[in-house]
Amino acid sequence: MELTGAEIVCESLLKEGADVVFGLPGGAVLPLYGALSVYPAIRHILVRHEQAAAMAADGYSRATGKVGVCIATSGPGATNMVTGIAAAQMDSVAVVAITGQVPRPAIGSDAFQETDVTGVTLPITKHNMLVMDVKDVAQAIHDAFHIARTGRPGPVLVDIPRDVLLGDKTEFVWPSEPKLPGYKIPTVAPEAQVAAAADLINQAERPIIMSGHGVLISHAYGLMTDLAEKAQIPVITTLLGISAIPSSHELNLGMSGMHGMAYANLAIDEADLIIGLGMRFDDRVTGRISAFAPNAKFIHVDIDASEVDKNIKATVGMVGDLKAVLGQLLPKVEANVHIDWLQHINELKAQHPSHLVRESDELLPQYVLQRLTEVTQGRGIVVTGVGMHQMWAAQHCRFTEPNTFITSGGLGTMGFEVPAALGAQVGRPDVTVWSIAGDGGFQMTMCDIATAVEAHADVKFAILNNNSLGLVHQLQELFFDKEYIASQYTANPDFVKIAEAYGIRGIRVTRKDQVLDAVQQAMETAGPVIVDFMVKEDEGLYPFIPSGQSVKEMLEEPTLKEIT
Amino acid sequence: MVQSNHTEQHTLIALVEDKPGVLTRVASMFRRRGFNIASLAVGNSEQPGLSRMTFVVNGDDHTVSQVAKQLDKLIDVIEVSDITNKSTVTRELALIKVKTNQMTRGEIIQIVNLFRANIIDVGSESMVIEITGEEDKINALHNLLSSFGVIEMLRTGLVAMVRGQTNGLANGHSEQVNSSSNS
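So the sequence lines, in the order shown, correspond to chains C and V. Going by my numbering, the residue at position 313 of the first sequence is 313; the numbering climbs one at a time, nothing skipped. Going by my numbering, the residue at position 163 of the second sequence is 1163; the numbering climbs one at a time, nothing skipped.
For the record, the hints were derived by calculation from the structure and aren't laboratory data. You may find that some hints are simply not true.
With a cut-off of at most 25 Å between alpha-carbon atoms, the simulated PhoX-like pairs for lysine-lysine come out as follows [as the list claims (entries may be wrong)]:
1. C:K66 - C:K323
2. V:K1069 - C:K184
3. C:K135 - C:K313
4. C:K184 - C:K313
5. C:K313 - V:K1073
6. C:K323 - V:K1069
7. C:K184 - V:K1073
8. V:K1019 - C:K135
9. C:K179 - V:K1137
10. V:K1019 - C:K66
11. C:K297 - V:K1069
12. V:K1099 - C:K184
Negatives, chain V to chain C, calculated, CB over 10 Å [claimed, not checked]:
13. V1016
14. G1021
15. S1028
16. D1060
17. S1065
18. K1069
19. I1075
20. E1079
21. K1097
22. S1124
Cβ-to-Cβ under 8 Å is the rule here; a few derived chain C residues that face chain V [to be verified]:
23. L122
24. P123
25. H127
26. I147
27. T170
28. F172
29. P175
30. S176
31. L180
32. P186
33. P190
34. D309
35. K310
These numbers come from a predicted model, not from an experiment. We put the beta carbon where it would ideally sit given N, CA and C, even for glycine.
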């Protein structure tokens, strides 16, 4: 049967298993919406701002492991998605963005709502394409999904002119395979490298596994945990690697890095072997590179060849799919106990208990998260924005299942939490999703609370409200001589009334004794709820390794006492 | 970044899909990652639909290795090879417009002949010289002509080819391209 370009997009989306799309229509992309109206198998969720479409697709993808799809019109619609697309690129998230473009004859004429979107998104996508012929539409969508979800995942943008969507019809032929001769997907690592890595592990006395997002993407958490248990190797997770191993696991040391656990950073400092799995030794993890793990050799496994030897020169660097490579490695690794090393780390943990929350009569943000995670028992999904609340969530929330902590890591996108939580909940309607926000980030995207209400998304929106851009405020305190500028809000809205305006429940919490009840009530209320936690405003974020420094310069919370 | 101090000139060749925007993707990657291209030459390859690029890049081994990996990561790039340490033939073409007068014309013609270059245009006060060769030869001719006054020079950038029966790429990619295997 002959179909229009728009109908071919819909058919192709169904072939790729995309049953949910997030978008907002406009002139150039309207033909696609016309087709969507006769494809009820594709659920369209109408956002209030296109950046929410991209971020919701991101959250959906991370929560489900499927490709997230977002749609926008040409010009401002497409450029509004840019931040969300860049975030997906930095965090290796499988997203396909479809944008309408002005009709072919108008391209290059500065037509109304014309932007060179493939040009704009070139450096922030894994790949992008402008489809200039209706006969190429099916192949383009097939290739886009293939590129987005395989190898190191990432966003792919497909720009389609209005007259390609609506013009000549053509026979719909679903391509048998991707047409990408230059696209390679690494699988296994050379046996000699695997053997060399196994030797390093078998000889190591103070090894540490650093488990990144790749472990989750590759579904390698089981094998990673097997490796840790077999050789009794403690596991540190990167920010994006959190939830790959249960928080309660005795070998899990939590997150390291700039705001990581003090004992995790101190252990890295003493380690003789770092096993980096699906992570990229980013500057938030390493601090000053020359002072990072100064006594260690490095095994580095990543599916992206350009990450190996980029920031850290690996003793053994392996390019491959983590699940496959760990499958090769595991039989070669000998069982071990590392009693002295694990005991030493326990001592470090007792001397530097940064996983604890100090006693206080005030409403500490850390305390809120500790209670919240008690109520959820580490189940459900936690989504955060960027800043203090994000780091406290990474430090104090507990996780039991993989892919249940979703946060904007690489790009550090404030406002990510609201739409990403919406997307995650749409993808996982079986679980409760908590969006943890600061009052700053929340106000960047709170317009999409309306989208959550319309989509009946069971998202609980927590705000750790300190009436400021807290992390900026702390940086000004520590490094800019307490010259506080542009980091405090004097006229925040009443978020409980905001909730009421959207027809949902709002709860304000000002005292410690209200926290548990508020969290429970939010959980018991069907649909979205906003909980406004008025936390201690000048609470500092610790531990803190200042940018470009090392664990030697780590600042720890002054009042946390050694456990005796 | 991993760093070392030993900077030298590397020659990379890449087989790329002949599609709109490929050059932009390559150039954009070099710019945003702070890599420095000394020269870049692009043209058709022996395979329809594919182009060959020759890059000359200055950097230490680590930087150049990153360049090659980042190039290879581009979807439209089929294969990349650093041929710096291989046995190669390299050529560059230059057009040099030099000032002449009755006094200097004879001397310039002599130099041109010595270099086996060609004079392809002669005017009353200038001539255009075409030279093909390795980079050093072109530099040498340019230096000699400078004293007469070089009005304009245009160089194509280096093209390079590995000697012998290979096509310069590790995987000898031609069959793979035709059978389109990318799973």
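Each hint tested on the structure:
| no. | hint | in the structure |
| --- | --- | --- |
| 1 | C:K66 - C:K323 | holds (18 Å) |
| 2 | V:K1069 - C:K184 | holds (12 Å) |
| 3 | C:K135 - C:K313 | violated (46 Å) |
| 4 | C:K184 - C:K313 | holds (23 Å) |
| 5 | C:K313 - V:K1073 | holds (19 Å) |
| 6 | C:K323 - V:K1069 | holds (22 Å) |
| 7 | C:K184 - V:K1073 | holds (8 Å) |
| 8 | V:K1019 - C:K135 | holds (16 Å) |
| 9 | C:K179 - V:K1137 | violated (43 Å) |
| 10 | V:K1019 - C:K66 | violated (29 Å) |
| 11 | C:K297 - V:K1069 | holds (23 Å) |
| 12 | V:K1099 - C:K184 | violated (52 Å) |
| 13 | V1016 | violated (7 Å) |
| 14 | G1021 | violated (7 Å) |
| 15 | S1028 | violated (5 Å) |
| 16 | D1060 | holds (12 Å) |
| 17 | S1065 | violated (7 Å) |
| 18 | K1069 | violated (4 Å) |
| 19 | I1075 | violated (4 Å) |
| 20 | E1079 | violated (8 Å) |
| 21 | K1097 | holds (34 Å) |
| 22 | S1124 | holds (43 Å) |
| 23 | L122 | holds (5 Å) |
| 24 | P123 | holds (5 Å) |
| 25 | H127 | holds (4 Å) |
| 26 | I147 | holds (6 Å) |
| 27 | T170 | violated (21 Å) |
| 28 | F172 | violated (21 Å) |
| 29 | P175 | violated (11 Å) |
| 30 | S176 | violated (10 Å) |
| 31 | L180 | holds (5 Å) |
| 32 | P186 | violated (11 Å) |
| 33 | P190 | violated (14 Å) |
| 34 | D309 | holds (6 Å) |
| 35 | K310 | holds (6 Å) |
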